[in-house]
Structures are given as structure tokens and as C-alpha cells.
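Undergrad: Sequence:
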Amino acid sequence: AESNIEDIRCATESAAFLCTDENAERVRQSARDYAFRALKIIAADNESCLDRDILLHVARVTLKRNRGLLSLPFGFALFVLYAFSANQHEDVNTVHMVESGLRTALGHKVEDISTLEGTWAWLNGTLFPTIFSQKDFAGRPTEDKRQWSRVLWYNSLQGPLFLEQERSIKELCLDGSGIASDVYCYPSDSVDSASFGTNLVQTSAISANGSLDADARITPPRSTDYFDNTTQISMEDRVKFYNQPFHVVGEDLGRRLRFMRPEYSDRLSGSKMESGVKVASVFRAVFPLNVRYPLIQERLNYMWQHGWLDTRTKHISLRALMLNNEFSRPRLQSYKLVLSYSRVGDVFAKLTLDTIFLEAYSSTVGMAADGIFSLMLLFITIVECVGVVTNLRAGAFLKKAFTAWFLLEWLIIGVGWVVMFGYAYIAFLLGDVRIKMTEVAEARQRDFPAELSSLGVDLHISAGWVAYASTWHRLAVALYHLLLMFRFFVAFRAQPRLGVVINTLEACVIDVVHFIVILVPTFLAYAYAGMFVFGRRLEEFSNIRASVGICFRIMTESEFDWTSLSEEHVWTSMIWAWTFMIFLSLVMLNLVL
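Residues 1 to 593 (the UniProt record's numbering) are what the sequence shown spells out, left to right.
Check before you lean on any hint, since a few could be wrong.
Unchecked claim - Pairs of lysine-lysine, DSS-like flavour, derived with a Cα cap of 25 Å: (1) K109 <-> K400; (2) K336 <-> K145; (3) K399 <-> K109; (4) K336 <-> K135; (5) K350 <-> K336; (6) K145 <-> K135; (7) K135 <-> K109.
What the hints assert, rightly or not - Pairwise CB distance ranges, derived in the manner of DEER restraints: (8) K399 <-> E559: 42 to 50 Å; (9) T438 <-> G499: 23 to 31 Å; (10) S181 <-> L452: 22 to 30 Å; (11) F532 <-> S328: 29 to 37 Å; (12) A360 <-> H569: 32 to 40 Å; (13) L505 <-> K399: 15 to 23 Å.
Simulated from the structure, these hints should not be mistaken for laboratory data.
Note that the Cβ used here is the ideal one computed from N, Cα and C, for glycine as well.
Let the hints inform the model, and build the full structure from the sequences given.
TA: Written out as C-alpha cells, the structure reads:
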């Protein structure tokens, strides 16, 4: 009985001991410690027994390595598929064949233009006869207007040709004071929007019977000018049509407002243009394709005789759209030639051709390639999103987010979706271009009088938007190939032998940065010195950007044109060239190599 009483008392005391929170936690911690010691004893006796944390770490490393091994073929497949898809869209081979022929035909002898008179002679004698050809394939004149305005026969003009100019003001130099106070200047940064022209024919000069004097040199309208006999034009309409280029775009001349292409403001300095806003400084002559060539030439001569091109002209621009439907996909060729009249007396020309595909795909193969690539890109996006969620739960997101590989992967994902949505956006814009082309084709079949028609202007606007978007999108498509190439470096880390390349690059980054800190100031010093020494004579050194480019070429190729450099001041040229070759080409560049 006494032993039972003693057991009950001990049990009661033990229960009271365990009921205390502090004591219960101590018991649980002791149990964990003894269990850990027991595992160590067992592991010491059995080498096949491993710690759970070690097993988890090995499993994570193995999983990461396996993913790295699989990412290399996956990345290669992604690159090949994207390159194939981009080539299906851009079709660079046929674009080059079409554009090279047009550059030769529409840029013929443009490099010989050096004066205002030379500009007009080139327009009247070379470009306009080429674009507004009204002959058949054998060179015989034809009355079939569907065969008019064919460049190299297979490129048909769509809509009118635009001939535009921007002008500067005429004022006394230095505001009429100083050493050049009696000399007139034409500041290139100024904009003149005032109507101009010498001795323009006025509608008030039209007689009661609708005719003009012979000196006016404007042919009266005839019923045979156009096939559309339902709309008659008057002499007043034709005079307004001839005088339209001497007034800014949008000025009330009985014609609708016109707008410039979005990217045109980048080509002409000083132009003020916003989408949907009237241009206040551009003078435009519209040359429709259904006008007989003698009338086109007559109007062109009228502009020249009445001073459309003079010393105030800063830039003139020619723009045209041509349809080529001979290859796998119909395409519009956007032609733009900008002639800039420098205030030093020279003329600079820039010819640009943009290809606008009217259909997004040439076959179902291209559609399938886009679909598979989109699925692969979606898979990468999902995997990276899962990784972000995992890192957020583990509290390691900030540490992971600022690594180069994490940023590169998300940059690849972001640019990839930009490229794919860019294709969709351009396809959306093409719908409007096709509608405008249909309107122009219907007007061409009706042969509506050019003096009263403004069709084709909207086509230029829509095609301009597509060309502008396609230019930037094409740049994104090209750069995305480089991003996908950098993705290979991520996969290389999982390969022991290929990882040597990555580890070497990481190890030498600091040394390369220190080398660049020394190289850049030295290189720029020689570039600036070369600009001041040779820039007056040689175009390659005429500005700092050109000087940097030619100096980089000399440094990498170790070759230069000594004859051109040493035409003046041989010793100065020798000091610059020899020290440049010694310090940059022979010493600094070889330190990296």
C-alpha cells in the first residue's frame, strides 16, 4: 500500500512538472538532441546512412544540373525555330532582289546632283520619265493606263508621287548689324511657311470663255484627258492644281488637308508634324499617275519657271509607293529620296526603300513556326514565373532578382513577346493599307480627274505608319537573335567543359574593366586630335563620330591610308600615326589579346 501511494505521488509530481510550458519545451529539445546524437552514432556505424539536409542539397544540385543539360538543346531549338520564323516574315533574299533593282533605277545619277539647276534637270530628265513611263514593255506608247507608271515593268506605282520641300527665311545676317550686316543669310534652322512664287497665274486672269493667254503655258482641260466623263474640270480647277505647290500643305485651295508620314520629321530638320495635325511648313506637289506625261512635264516646268526651287529651299523629298506582286507575297515598296541643300553650297542625298508585305505569311509553314515558338516562349515564361513564386516563399527573391542570368532570362522573355505582338500589330495596320489600296485601285479604274482627287494621300499615311512600325520592329527582330545567343551562356554553366569559358569570362571581367578605364581616354584623345589635324581635308575625320569610327578601324586592322594623311604637314601626320600605332595597336590592344 505504501509503494502504491509513493507511485501515485511520483506520477502526480511528474504530471505537474510536464504541465509547465517551460519544462515541456526543455523535454522536447532534449528529445531532439538525443535523436540527433543517435543518428550520428548510427551514421558512424553505417556509412550508407546520410543526413536529410545533405540529401536535399544533393537533390537540388542534381536537379539544377539536369535542367542545365536540357536547356542547351532546348535553347538551340528555340534559336533555330526563331531564326526560321523571322526569315519567313522578312524574306530578306527577295527583298534584296527587288530593292536593289529599284535603288539602281530610281537613284540613277542622283550622286551627280550638286546645284539647284542640276536637281531640276535630274527630276525632269531622269526620275520623272522613269516613274511616269507611259509605254508598254516594248517601249511603244500606250493608251492603257493600267500599264502606265511601271518601274522595271514589274513595280507599279500606287497612288500619286509626292514632291515636297521645306524652306528657310531670308534675312540680313547678324540681324543687320556687325561685319556682315549688308549680306543676306538663309538660316537652316529657320522655317518659312509663307506662300511664294513669281508671277503665278491667277484665276482672275481666266477669260469669260475659260481660257488663258498663251504666255501662261497651262494647257486647257480636254475631254480626252480622262476616261471619266461624268466629272468635268474647269480651267480654274487646273490653275489651282498648278499653284497648289506654292502654298503650305493644308492651306485652303479647294482641296482637302494632307498630313505627313510619322517618321518624316526625323528626316527634315525643323519640320513640325504631329499625327492628325496640319503641317505648317511643308510645300507639296502631288503628281497623280493617271495624268498624261506632257501635262506632268508641263506642270513640272511651271513650278521651275515660277521659282518653286530657289535659294531658300532647305530640303526636298520625293515619296512614292510601288506594288510588286511577282513573288510569294505581294508587297509595297515605299520609296523616299531626301535632298538636303547645305548652306555651304553642296547637296546631300539619302535614298530609303522600305518593303511592306501585304500578307503576313506566305504559307502555313510560317504560321506553324510562329505557333510553336510562341508555345516554347510561353513554357519559358511559366517556368520563370514558378521560380519567382518559389523564391518569394523562400525569401530569396531579392538576392536572385539582381543576378545577371535572372535579368537576361526575363529580358529574353519580354523582348520575345514584344516581337510576337509586333507581328500582330503590323498585321492589324496592314488591314487599313489594303482598304486604302482598294480605294486607289477603284479610282484608277474610273480615271477620276487628278485636279479634283485627293485619293492616295491616305494610302501614303497608312503605308507610312506600317513602314515606321516595321523599321523599329525589324530592329527588335534582329537584336533578339543576339539575346538568344547569350542564352546559350546560361546553359554552358551546366557543362563542365563549356563552363570553363563562362568561368574564365567571369574571372577576367575586373581586369578588362580596368583596361578599358585606361584605353577609353587614350583612344578619345587620339580621335579628337585626328579630327582637328585631318578633319578639314578628310571626311573620315570631319566630326567626332566619324573620327572615332576610323580610329577604331585603324586600331583593329592596323592599316591606314598614309598618302591621304600625309598630304599636308607630314611631320604632324607622322607623329599622330606612329604614336597611335605604337600605344594603341601594338601595346594596349595586345595586352587584351
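Undergrad: What are the numbers of the hints that this structure violates, sorted from low to high?
TA: The structure conflicts with hints 1, 3, 9, 10, 11 and 12, although it agrees with all the remaining ones.
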